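Novice: Protein chains in written order, with this note's numbering: chain A, 1446 to 1555; chain B, 10 to 746; chain C, 2 to 173.
The set of hints was computed from the structure by calculation and includes no laboratory data.
What you are looking at is a predicted structure, and each value in this text was computed from that prediction instead of being measured.
Every clue listed holds true.
Residues on chain B that point at chain C, a partial pick, calculated with CB under 8 Å:
no.	residue
1	730
2	733
3	734
4	737
5	740
Residues of chain B clear of chain C, computed beta-carbon distances all greater than 10 Å:
no.	residue
6	36
7	118
8	187
9	597
10	646
11	654
12	670
13	675
14	676
15	699
16	700
Here a beta-carbon is modelled for each residue, glycine too, at the ideal position from N, C-alpha and C.
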Amino acid sequence: MSLQHYLVISAILFSLGIFAVLTRKNAISILMGIELILNSCNLNFVAFSRFVTPSENIVGSEVFRLDGQIIAIFGIVLAAAEAAVFLAIILAIYREFGSIRPDKVDTLKG
Amino acid sequence: MVVTLIGIILLCPLAAFAIFALFGLAKRSFPRQDLLSTAAMLVALVCSFILLREVVPDPEPHTVDWISIGKITFSMGFYLDSVTVIMLIVVTLVSSLVHIFSIGYMHGDPRYPRFFAYLSLFSFSMLFLVVSDNLLGIYIGWELVGLCSYLLIGFWFEKDSAANACKKAFLTTRVGDIGMFIGMMMLFAKFKTLSLYDGSENGIFTLVEGLSGTGDMIWLSIAGVLIFCGAVGKSAQVPLHTWLPDAMEGPTPVSALIHAATMVAAGVYLTARMFPILTPGSSLVIAYVGGITALVAATIAIVRFDIKRVLAYSTVSQLGYMMLAIGAGSYVAGLFHLTTHAFFKALLFLGSGSVIHAFHAMHAHHNDEHTNGEEHEHDDHSLVHEHGSEIPPDQDMRNMGGLRRKMPLTFITMLIATLSISGVPFIFSGFWSKDAILGGVLGRAMEWNSVHHYLLFGMALCAAGITAFYMFRLIFMTFFGEPRNQEMHDMAHESLWVMVVPLLVLAILSLPVVNKLWFNKDYIIRPDQPHVHAPQHAYVSPDTKTGDVDFGIVFFGISEAEAAEDEGGQDIGHADDAHHAAHELAHNIAMVLSIIVAGLGILLSWLFYHRRRFSAESVATKFSPVYNLFWNKYYFDEFYDGVLVALTVWKSRLFAKFDLSVVDGIVNGVATIVRQIFAAFIGFFDNRVVDGIVNRVAEVTWAAGGRIRRIQTGAIQTYLFVVLGGIVLIILIFRAL
Amino acid sequence: MEFTLKTFIFYGFALITIASALAVVTVRNIVHAAFALMVTLFGVAGLYVFLQADFLAATQVIVYVGGILVLILFGVMMTSGRLEMRIHIERGQLLLGGGISLALLMLLLTVIANTPRWENLTDDGTPLEPTTKQIGELILNEKFLLPFEVASVLLLVALIGAALISRKEVRD
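Whenever a hint applies, use it, and build me the whole structure from the sequences.
Specialist: If you want it as structure tokens, here you go:
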């Protein structure tokens, strides 16, 4: 299992997440797409920290193998916060527009 | 030292005025402007005396460059010689006394502080004029005193007569000033400088020595006469004298300060200053103008009833005397008379002011009862003329009489001044100065054997006799006899001490003995000093080294009785026995004649107005053409009214008509054409082209906005498409590169 | 690369992850999509295990599956009526989105394939040891203490913000 395996998996997840965000007509599905993207990023962090860090000597700073994992933990935290706020916004939108279809929410339409 | 003293002298009155002006900005007035201005003048007076004691002679020029235009630089500076210092003392002394007098005289006036501020401004201007070392500075001071004169004549501008008088004074003197300005420009064109002396070789008086040839002499004569025009206006010489009597509409202290002692003497001062550039021709013109003025004004004064107008014409006459003296070469005598005249004429005016004030209080009281009925009677006159009915009752000598018991101090001081101006011999200063003039003119006549100067001497002598006559007429009518208006007489009273003290001081100054105390012989300007050379020799009398016109003579000396007697303003610098003897002879003849005519005048006056041996009225009817000529002031005003003013009005009407018909017609015609054709075209262009462009632009913008706004769907995924598509494109582009 | 059990399991996890992610973005029923997402998250957690990140794998399961996914399901319940369980799809949008995603994928794959530094970096076979203690020390030491505190504040803010936004009425 080389680094490139993980990177390919991560790239596929990322593309699928982008696809979901672009095409799904449901705000919650968009949220799911975003979660996919975040997961792909986390996967990248962990993979790079696993494979790249030991052979790198970044001058002047102590780089541990676990740094990528900790960043990923923070990423999960961000994802949790984001999900909470996102769902709150979805609720508010639902109350305001009676729908959570993103193309129905077009108050800014020119 | 000199600069400091002159600075103090100039700045004190200016500061007094500035304080008034600054308070004026805050719409209030300095609590004791009167004391402030008076104190400023007293400081200036003290400094002037210090200058006399300590600093003269001071040959150094004190000059700074003021304006530079190309290669030409105008400078400003001070020049001090004996004449300057004498003028400084005369101005500051009279001004101080007038300030003090005014504290009493103007008391209760609604514009009391402003009066003193104007007096301060005037004093500053006059002093500035006197100390300037160049014609430009003199001209600036000249116009400033003209302005102050205007302001002060029109001080009671509620009266139409005062408002008209100040306008008349301003405009009339302006006529002369134009001549003066042209004269200055002529000198400037020739010499490229306006400095009189500047220490080096570039002053006008130095340069003027280098002139030669008849062409230059004619040119110089014209320039001299033109500059003298300014003096004619300012010193009220014929034919521009008509403003001075009307100027009596101003408050009496103003008449004393400006229109008797100082400003009108500025003309004489200017002529004396310009003495070195005078040629025989211009001198003769000046002498004739002075002589005619002396005679004409004196004859008019005989028949006036307004006490101030008598004095005004007397002033005109005496100024003519001074001009005559300078024109005839008796430079020192002219300036000597200027000084003595300043004191005794200021005294006469202040004395008359005292009398008027005594009556005025009553008069004002009277007016309160009669609701100002009299004031409106003489409101509607376009120009101010003195006619019997127009004399204010408190100035009409026919209402006076017998006042010597009511106002003894005023009477005595005015009597001294009258004796002085009349030329009563030996103990009064006027005698010596007038005698110096008469002697100088006669001496010149005898020496040159000149008909002109004999004629001038005759005029001066007649004027001297007439002066004695009308001055004693004034005294007899005012102070002797029985009261003519009992009601007014009862109200009259001696004036306050602030008004009497200046009278006493001036009376003392009218005695030459006193002058000797402060005109010290040690300060005589010696002739060998560089700035006291006698540049006029080559011009006034090219062939003889004579004339009593030497700067070196000794103005101070002549103010002493024996000096006047011995030298009579004659030549001491050139001890040529024959000339000296001739002058002494002339002087003695003149003295005898002047005593005779003065005595004659006084005697006639006594017979007419005191003893009533002859009736003035019957003489007037017998010689009615002459009387009418005098009464109507030689019809100068009528001439100006009827010819000059009417001509101006007619010309203005003509121009107005021309303006209305031709100029306006052209303008209106052009306007119509423009409106019809040009405006139509412009309107078309505006509507079609400009509006069209604007509207098209607006429409295009509107349509484009309508199209483009559809891009903004408001749907979030559309934006995401664009963003991500953009990212992909950018990456592709950069990879391709 | 020899085909061991380990690789077999790895490919299995990879396949599960990708397939379920595909399902997340394609299935019409949103509840099904949510369950597919759960599978994906599990798959990623498995991959974390292969990367020797045991703590992270556990966290992934607990937070994502236990927290976020439940939150999503609540959102679905509260906002979707029966009709909106099915996700509406537009064909044009689908094509365009697919194009862009595919282009992105291709780009990423070319980058991965053409970066020499990343080639032949294989697992060095370090034995699996627990990372929890090290992570705890790192977070509570100076190195990540500040981000940790900031993250806690962020969570608090998100909590308050979410509560504020989703309130029925905003009283003045």
